[in-house]
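Asks: For reference, the chains in residue letters:
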Amino acid sequence: MNLSPSATSQTARRQKAPLRHRLGPVLPALPMLAFLALFLVVPLAIIGKTALSDPEVSAALPQALAYAADGVPDDAGFAALVADLVEAKKAGLMRPLARRLEYGVAGGSAAVTDLARIADAELAAQDPAAIRLAVTGSNPIWSQPGIWQAIDQGAAPWSLFYLKWALGVPVKATPDGQPASDGIHDFGTIYLRTIVISLLVTGLTVVIGYPLAYVVATSSGMIGKVLIFLVLLPFWTSLLVRTMSWIVVLQKNGVMNDLLLAGGLTAEPLPLLYTRFATILAMVQIQLPFTVLPMISVMRAIPPSHVRAARSMGAGPVSAHVSVFMPQAVPGIAAGALLTFVLCLGFYLTPALVGGPGDQMVSFFIARFTNEQLNWGLASALSLVLIAGATVIALPLSRYVFRHSSGRF
Amino acid sequence: MTPRRYADLPLHLRLPLYLFVGLTLALLILPLLAALPISVNSAPWFTYPFPGVSGRWFKAFFLSDTWTGALLNSLSIALATTVLATTLGTLAAIGLVNARFPLRRLVMALAIAPMLMPVVVLGLGLFIFFGPLGLNYTFAGVVVAHSLLAMPFVIITVTATLTRFDFTLMQAAANLGASKTRAFFDVMLPLIAPGVGAGAVFSFATSFDEVVMVLFIAGPGQRTLPKQMFTGLREQLDPTIIAAAVTMVLITSALMIAALVIAKKR
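Chains A and B are the protein sequences, given in the same order.
If you're matching positions, the first sequence starts at 1 in the numbering used here and goes up one per residue.
If you're matching positions, the second sequence starts at 410 in the numbering used here and goes up one per residue.
Check the hints yourself; a few may be wrong.
Stated by the list, open to error - Result set (SDA-like, lysine to any residue): computed pairs, CA atoms no more than 25 Å apart in a straight line:
| no. | chain 1 | residue 1 | chain 2 | residue 2 |
| --- | --- | --- | --- | --- |
| 1 | A | K49 | B | M524 |
| 2 | B | K673 | A | L233 |
| 3 | A | K49 | B | A518 |
To be clear, the hints were calculated from the coordinates, so they are not data collected in a lab.
Make a model of the complete structure from these sequences and hints.
Replies: Here you go:
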């Protein structure tokens with residue numbers, strides 16, 4: 001090793017200076033980093049925590065828990081239950097407990113409120129057999145195994161209860177302890193629907209968008225400018241306004257039905273709005289620019305000489321396009337399709353406004369469980385499944401897009 | 410005749426191609442072209458031709474306290490969002506264009522993430538987080554939520570202009586004795602202003618159009634124009650909603666055109 005003095009001092013300086021040197025570029029970004037940490041990372045972590053936390057039962061029934069493991073307990077279990085409830089009433093834990101037990105067993109909420117009405121210090125002081133009689137008298141569900149299973153289910157303050165629920169595992173039981181479907185929400189169907197609608201919209205935007213992107217990318221001068229403006233115009237227009245315009249056009253006495261009637265294509269107005277058709281149509285129109293723009297930027301970079309060369313070697317116009325142009329456009333197609341697919345998975349507004357009850361996707365149920373049913377645990381679990389699913393589906397494709405984008409997007 | 414890049418596509422292929430593309434463009438544009446003019450229909454229905462043209466729905470819009478209140482709420486929230494998102498985003502972009510930024514790709518991905526994530530998920534997270542902080546149903550809460558969605562646009566547009574910015578100019582300013590702040594305001598900001606302006610316009614438009622976050626976080630005091638429209642659309646379509654939509658589009662377009670004109674002048 002024969003380092004010259006200047007080289008060693010440079011190395012030394014590079015090692016001494018680095019902290020200020022390295023932190024230099026970070027300084028201006030600090031406010032944004034703090035903002036993102038506080039309002040993006042923390043809320044996402046809170047969603048994870050909310051999905052896994054299940055505190056109501058263990059907080060309200062600490063003693064009764066010990067008796068709930070094997071179905072309906074003996075008299076001592078009933079005494080513990082009443083003792084717990086007397087305390088829970090004082091601490092204001094009744095209502096959360098009632099709601100949580102209803103998630104686990106049909107009639108759980110009524111059982112808790114009925115029991116709360118009679119549970120007081122006087123009852124707690126009686127002998128266990130009398131307590132048992134009073135409890136089962138308040139609501140016969142207490143003599144059946146279902147509600148005790150539900151209590152056992154919530155024994156730990158952290159559980160997979162909401163995640164299982166969100167993944168479609170039956171978590172609710174009938175009073176006699178048999179699995180009961182919650183009847184209203186078949187999450188498997190909802191995920192499948194979300195994926196099918198997203199795939200369909202993505203596929204349609206690719207098929208419809210490819211010729212458009214080709215023409216825009218190969219037009220020059222004024223025509224090219226006008227075309228790109230026409231693609232960008234709806235892109236810039238408010239999402240809500242575009243969705244509204246579909247309601248105006250597709251409703252029963254709207255423009256589309258008016259045209260169909262005038263053209264004699266139908267004898268009476270068709271129910272176009274609040275259908276799967278309306279949902280897909282509106283989503284395709286809204287997402288088309290997202291799919292097309294990356295395609296255009298990739299297609300513009302394809303040298304025209306390649307196709308000309310293929311043609312001069314005797315390839316027909318179609319085969320020159322398919323074998324020379326299209327393969328080079330694939331990274332753009334993949335980027336546009338990926339973007340549209342990922343955005344479609346999270347769509348809320350458009351299906352909520354132009355779709356029917358059978359066209360709602362995961363986002364709709366997250367919003368509904370949050371705002372209407374106040375079931376934040378389930379809403380958070382659904383969010384986790386949605387994000388995890390989107391990541392798993394999109395990650396391989398995004399790797400491909402990143403490898404071939406070379407910083408173009 | 411302008412030289413066509415692919416003069417080799419024969420007519421029998423070009424015609425159906427242009428026809429198809431024309432139909433696609435019609436799909437993109439026609440719904441808006443069909444819906445928005447209905448705001449000046451003198452009759453309360455939604456088909457053509459109109460019996461007459463009238464400003465009654467705009468009058469109804471601007472004379473209703475609910476609608477004008479919503480418009481004012483939207484404007485103030487959008488302005489506050491624009492200031493917050495543009496400031497944070499511009500500063501962040503200055504840091505992020507530097508190749509020495511540690512974990513640059515990861516931070517960039519994190520900064521862009523709000524654009525790709527389901528807004529409902531972000532809304533849920535913020536709603537639960539804001540509860541104990543008392544930020545739900547407040548102006549500040551909505552502005553924070555909107556800024557989260559708007560910031561990626563600023564970062565993207567400003568980063569794009571910064572890649573063409575010559576950083577030796579900052580060195581020159583420093584050599585001439587300017588402080589970093591002075592150099593930023595006197596040298597860098599004027600040169601990257603088009604990107605900052607575009608980011609600001611996108612921020613404004615994002616907030617001005619946003620409805621999902623508002624459904625989660627806003628209270629009656631932050632009833633915005635999109636929220637009012639959303640509620641109206643879920644109940645009964647009323648031409649006043651279309652007038653509201655036209656007002657919204659006009660305000661956003663005016664801003665975009667202004668930004669474009671200013672950027673062109675430079």
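Asks: State for each hint whether it applies.
Replies: To see whether the hints hold, each was checked on the structure:
no.	hint	verdict
1	K49/A x M524/B	holds (23 Å)
2	K673/B x L233/A	holds (19 Å)
3	K49/A x A518/B	holds (23 Å)
The structure fails none of the hints (numbered hints given earlier).
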